[in-house]
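Just so you know, we're using UniProt numbering here: the sequence shown kicks off at 1 and counts up by one.
Note that these hints are calculated values from the structure, not bench results.
Any given hint might turn out to be false.
Here are the simulated lysine to aspartate or glutamate pairs, EDC-like style, with alpha carbons at most 16 Å apart [claimed, not checked]:
no., residue 1, residue 2
1, K440, D373
2, K338, E181
3, K51, E180
4, K338, E174
5, K51, D229
6, K50, E174
7, K347, E472
8, K116, E174
9, K45, D223
10, K285, E472
11, K45, D229
12, K50, E181
13, K436, E310
14, K51, E174
15, K440, E310
16, K45, E181
17, K117, E180
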Amino acid sequence: MSSLKRHLLKVFNVCYGKTMENGIKAYKPLQNQNEDTILLFNRNKLPLSKKLAFALGHVYNDICAALWFTYSLIFLQLVIQYGPTQAGAFLLLGQTVDAVFTPISGYILDRTGERKKWHFYGSVLVVVSFPMIFTSCSALGTPWMQASVFAMAITIFQIGWALVQISHLSMLTELTPLPEERATLTAYRYTASMVSHILVYFMVWIFLNSGQAMNAELIGPNDAWRFLDTVLVMSGIGIISTAIFHIILARHRWEVIENKERGKSTREYVKAKVSKLFRSPQLYKIAITYTASRLFMTLSLEYIPLFINETVVSDPGTLATVPLASFVVSAFVSPIVKHTRLLWGNKATYTFGCVLCLTGCFIVQHTNERTDDATLIFCIAMLFGAGSAITTVISLCLTANFIGGDTQCGAFVYSSVTFADKLINGLAVVTIEYMKCNEKELCPFYYGNVLSFVNGTISIIGLFVLLTLPGELFTGLYSHDITL
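Generate the whole structure from the sequences, applying the supplied hints.
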């Protein structure tokens, strides 16, 4: 260890090594994997105000995701009058742009380190573009012009969405090095996401008020204003949440002191670390685990409304109330996960979440007739909501454990983990819509089979890969040493 490094450690042991009134040491100097960098970790727990502000930072993205995944197919097919394949192609375009720009966002964020600045830029792009997606463009005349406007709006929206998502996720590991605090932030973030979805479905229920309006078969071009008004109101809520996030959560990073004696820069370290991570099988396993949990949730979002339309005869209002029930359960379960993971461990908690998901898939498979009783549909939605909440929170905790103290590469890791989820989701939707029977009578419960077999397979794959992860990832003690 160099003389400069010894001097710095001595100074911080003297100045910050003392015990504070609450019995917690304020700072702990820790040598990073990079031999030339000392990270000074704030070991105090974050105040509640910062945790809540952090959770609000992704609310607008969550609002947009709820509308995008749940109602974009219905809007494009029944309001704009595109065919299933065309509507699926627009969704694939959005997911492809999101997937491509996700690693680009990670590179930009790790290179500049300006998480909040890029979060703001991404939010501006979302504000400008998202309402255009749910706007009828009939005044433009030709179908080609209408399609071009939709494609442009979707592209801009997905670029902004990716910037906000990756910048927000990478802030999580910079706010605190404590695994339990990271788990708490993840739970808060996911709870805010569920509350956002609840608000969306409640607002949809208000604007599509009557039972006739809620029946997907009766929605038509004249209902375009209902979707646009919903988007504008929810955008207002999202903008307010984003503003609170930027006002309350000041720029908060672990302080880094670099030893320049050997002439090694942080940029060189990050480059070497990224190269190392690319060769790590654990990164790809975590990516599969996260993709499975997210894909299960997004496919449920997209196809539960269409499954309801297949099975429920006389209560079209369930198009809003069933997804609402799912996310109420998710909002209730997600804060509990941080406690169950301490009692059972991450592996057992994730397994329990998969069991709930698979139970829901089993019930879907045996719900193969049209009925006036929506009780089973509500049970399915609640099982899906609870199971996907548990698996998503745990997969994000595992990602944070994988990053550990290497926050300089945090954006890269999160962008890598989320890349497959976005691309595969778009491909899955296009494939599912393409394979749909031309005549409804030939496959009257097609979307029920999608929720049963496709989602069930996804859940099993996620669980299988999780069981192959090393034990250190579940305890937060995992390290991927690198010597420059």
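Hints, one by one, checked against the model:
With a C-alpha separation of about 22 Å, the suggested pair K440 and D373 falls outside the 16 Å cut-off, and the hint is violated. Between K338 and E181, the direct Cα distance comes to roughly 9 Å. Compliance with the 16 Å bound is thereby established for this hinted pair. Under the criterion of a C-alpha separation no larger than 16 Å, the hint pairing K51 with E180 is consistent with the structure, at around 13 Å. A distance of roughly 19 Å separates the Cα atoms of K338 and E174; the hinted pair therefore is violated under the 16 Å criterion.
Under the criterion of a C-alpha separation no larger than 16 Å, the hint pairing K51 with D229 is inconsistent with the structure, at around 31 Å. Distance restraint check for K50 and E174: the Cα-Cα separation of roughly 13 Å lies within the 16 Å cut-off, and the hinted pair is therefore satisfied. Of the pairs offered as hints, the one joining K347 and E472 holds, with about 11 Å between alpha carbons and a cut-off of 16 Å not exceeded. Taken as a hint, the K116 and E174 pair is honoured in the structure, with Cα atoms around 12 Å apart against an allowance of 16 Å.
At most 16 Å may separate the alpha-carbon atoms for a hinted pair to count; K45 and D223 exceed this at roughly 49 Å. Among the hinted pairs, K285 with E472 is consistent with the structure: their alpha-carbon atoms are about 14 Å apart, no more than 16 Å. A C-alpha spacing of about 41 Å is found between K45 and D229, which places the hinted pair above 16 Å, so the restraint is violated. Between the alpha carbons of K50 and E181 the distance comes to roughly 12 Å, so the proposed pair stays at or under 16 Å and holds.
A C-alpha spacing of about 13 Å is found between K436 and E310, which places the hinted pair at or below 16 Å, so the restraint holds. Distance hint between K51 and E174 is fulfilled; the C-alpha atoms sit about 13 Å from each other, no more than 16 Å. Taken as a hint, the K440 and E310 pair is honoured in the structure, with Cα atoms around 10 Å apart against an allowance of 16 Å. A threshold of 16 Å between alpha carbons decides the hint, and for K45 with E181 the separation of about 7 Å falls inside it, so the pair holds.
Between K117 and E180 the CA atoms are separated by roughly 27 Å; this puts the pair beyond 16 Å, and the hint is violated.
Violated hints, listed in ascending order, are 1, 4, 5, 9, 11 and 17; each of the other numbered hints is respected by the structure.
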